[in-house]
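> Those protein sequence lines, which keep their order, are chains S and L. Going by the numbering used here, the residue at position 2 of the first sequence is 3; the numbering climbs one at a time, nothing skipped. Going by the numbering used here, the residue at position 69 of the second sequence is 72; the numbering climbs one at a time, nothing skipped.
Everything labelled a hint here was simulated from the structure, so no lab data went into it. Treat each hint with caution, since some may be false.
[To be verified] Quick look at which bits of chain S chain L covers, simulated, 3 or more residues with Cβ under 8 Å: (1) 100-109; (2) 192-200; (3) 223-230.
[Claimed, not checked] Chain L regions said to be covered by chain S (calculated; three or more residues, Cβ under 8 Å): (4) 110-120; (5) 124-134; (6) 152-158.
Glycine included, every Cβ here is placed at the ideal spot set by N, Cα and C.
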Amino acid sequence: MSSSVSAFQPLTSQAITMALCTKTLGRSLHLLQDTPSTNSTAMSLAQNGAPDGTVVVADTQTSGRGRLGRQWYSPPGKNLYCSIILKRAMPPDQVSGWLSWVPLLAAVAVARAIQTLSGLRPSLKWPNDILIAQRKVGGLLCESSGMATANGVVIVGIGLNVNMWRDAFPADLHDLATSLSAEAGRPFDRAVLLAALLSELELRYEAFLSGIADIKQEYGLRCTTIGQRVRVEMSNGDRGNCIEGHAVSIGDDGSLQIMLDDPQDRFTCVTPIAIRAGDVVHLRRKGSD
Amino acid sequence: MKKVKRSVRAGGTRPSSVDDSIASHRARPAKHDTGPMGEHSQSIQSFIDLLKQHNLAELEFEREGFRIRLKRESAAGLPLVVKSDTMAAGGPAQTDSQAAAVSEQTNGMVTITSPIVGTFYRSPSPDADPYVEEGDVVKKGQVLCIVEAMKLMNEIESEVVGRVVKILAESTKPVEYGQPLFLIDPSSSS
Numbered sequence: 002m003s004s005s006v007s008a009f010q011p012l013t014s015q016a017i018t019m020a021l022c023t024k025t026l027g028r029s030l031h032l033l034q035d036t037p038s039t040n041s042t043a044m045s046l047a048q049n050g051a052p053d054g055t056v057v058v059a060d061t062q063t064s065g066r067g068r069l070g071r072q073w074y075s076p077p078g079k080n081l082y083c084s085i086i087l088k089r090a091m092p093p094d095q096v097s098g099w100l101s102w103v104p105l106l107a108a109v110a111v112a113r114a115i116q117t118l119s120g121l122r123p124s125l126k127w128p129n130d131i132l133i134a135q136r137k138v139g140g141l142l143c144e145s146s147g148m149a150t151a152n153g154v155v156i157v158g159i160g161l162n163v164n165m166w167r168d169a170f171p172a173d174l175h176d177l178a179t180s181l182s183a184e185a186g187r188p189f190d191r192a193v194l195l196a197a198l199l200s201e202l203e204l205r206y207e208a209f210l211s212g213i214a215d216i217k218q219e220y221g222l223r224c225t226t227i228g229q230r231v232r233v234e235m236s237n238g239d240r241g242n243c244i245e246g247h248a249v250s251i252g253d254d255g256s257l258q259i260m261l262d263d264p265q266d267r268f269t270c271v272t273p274i275a276i277r278a279g280d281v282v283h284l285r286r287k288g289s290d
Numbered sequence: 004m005k006k007v008k009r010s011v012r013a014g015g016t017r018p019s020s021v022d023d024s025i026a027s028h029r030a031r032p033a034k035h036d037t038g039p040m041g042e043h044s045q046s047i048q049s050f051i052d053l054l055k056q057h058n059l060a061e062l063e064f065e066r067e068g069f070r071i072r073l074k075r076e077s078a079a080g081l082p083l084v085v086k087s088d089t090m091a092a093g094g095p096a097q098t099d100s101q102a103a104a105v106s107e108q109t110n111g112m113v114t115i116t117s118p119i120v121g122t123f124y125r126s127p128s129p130d131a132d133p134y135v136e137e138g139d140v141v142k143k144g145q146v147l148c149i150v151e152a153m154k155l156m157n158e159i160e161s162e163v164v165g166r167v168v169k170i171l172a173e174s175t176k177p178v179e180y181g182q183p184l185f186l187i188d189p190s191s192s193s
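Next up, chain S with everything else stripped away, as it sits in the complex:
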């Protein structure tokens, strides 16, 4: 359990390894003081032979990034920035399902780890923003490469705001972001947090691969987007290319199913459309402004 003494200690490989109780994830560990992006470093390591389960963790990222190259604010000494390398020879017909669900099951794992350590109950904004009290406490960016070959690799990148007080966020993030310490009122040991989320991820990942996990159900219980009115910006903040509607469920492939406010045809009057990429904004209910 985190203590206020160890919470502000620098991350060390020894502290992480001592806290680790996984079989594979994190057993090969690269701890960096700073790196442009843990995802980029992990992809490079993976393509140069790093084994399945290798974890890259950095105290700070100089070019931390989110979806479509957006900047991920990554100050040193406070937060958790890590990337996990997943390698698996996958039958071609299962690749699509694997790629679809890894980002969602990873988000569930992170939420579960936070809940176990803090007692807070994070929710998920589709597909994998981690929210506490409707503010973003963390996010995931997954990347894959070489899926047509025997050397396919998926990188699960996780950024979590851990020990930042709310006034430490840049002004434009004040109302949007939060941290574990801000919500729980105490600091957290990042090594313990990393070990916990790797355990939760390994558990779900192995269960998913063996076909026994009902990730869809667990994800659905966490996903706060379901039941909300939403706007989906289909490509890079392009308001002209967005839709509004009611998020009704999660599809079998992890897609977000939306009943459109303005159906385009007879088909979408009665059937939800499936969203697989885009920025989801939770809207207030009509007339509640």
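With chain S held as given, fit chain L onto it using these hints.
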């Protein structure tokens, strides 16, 4: 018989197209075959044409000891637009018109197709230069594009050395499972 089309995929099952799943596996050997199928090669081609023409998923024909059953793995004719659970991952949605359009142009070319349903991006971020342009020579393993689904950015690489002859999808637009994205000419690499 010269192979008219080769599909390269970043994972996923082979795309089901008439050229691949029927012509290559059934009709092609018939040309040199002296067995019972040989004399029917013309008939087989006409059945394939019939299948294409009427956009059928399956066709079975039997007469005088000769029976042929042609089946496409894809339910061609599904709408291209992403709608509902029927288009879940793994659900092929390549239309016949696409398959036909590509096979006509792909003599000797390599077609790079999408392994997943998602959104196609030609560059890593909106402000960045595209990974490749038409006319570029690409190396084996070079990233051509990204297809995003569920916030997983899936890099799609070229499996061959060659020249990008045609970019078949529009950046930031949805693409379907098996949809052709690039045409690459392996014979033109300098």
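> It remains to establish, for every hint, whether it holds in the given structure.
Verification of the hints:
As drawn, the stretch 100-109 of chain S meets chain L at 6 residues by the rule of a beta-carbon pair under 8 Å; at three or more, the given contact holds. Given a C-beta distance limit of less than 8 Å, the hint that chain L covers the stretch 192-200 of chain S is violated, as 0 residues qualify and 3 are needed. Using a Cβ-Cβ cut-off of 8 Å, 0 residues of the stretch 223-230 of chain S lie near chain L, which falls short of the minimum of three, so the contact claim is violated. By the rule of at least three residues with a Cβ nearer than 8 Å to a Cβ of chain S, the coverage given for the stretch 110-120 of chain L holds, with 3 such residues.
Using a Cβ-Cβ cut-off of 8 Å, 6 residues of the stretch 124-134 of chain L lie near chain S, which meets the minimum of three, so the contact claim holds. With 7 residues having a beta carbon nearer than 8 Å to a beta carbon of chain S, the stretch 152-158 of chain L meets the requirement of three or more and the stated coverage holds.
Consistency with the previously given hints fails for numbers 2, 3, ordered from lowest to highest.
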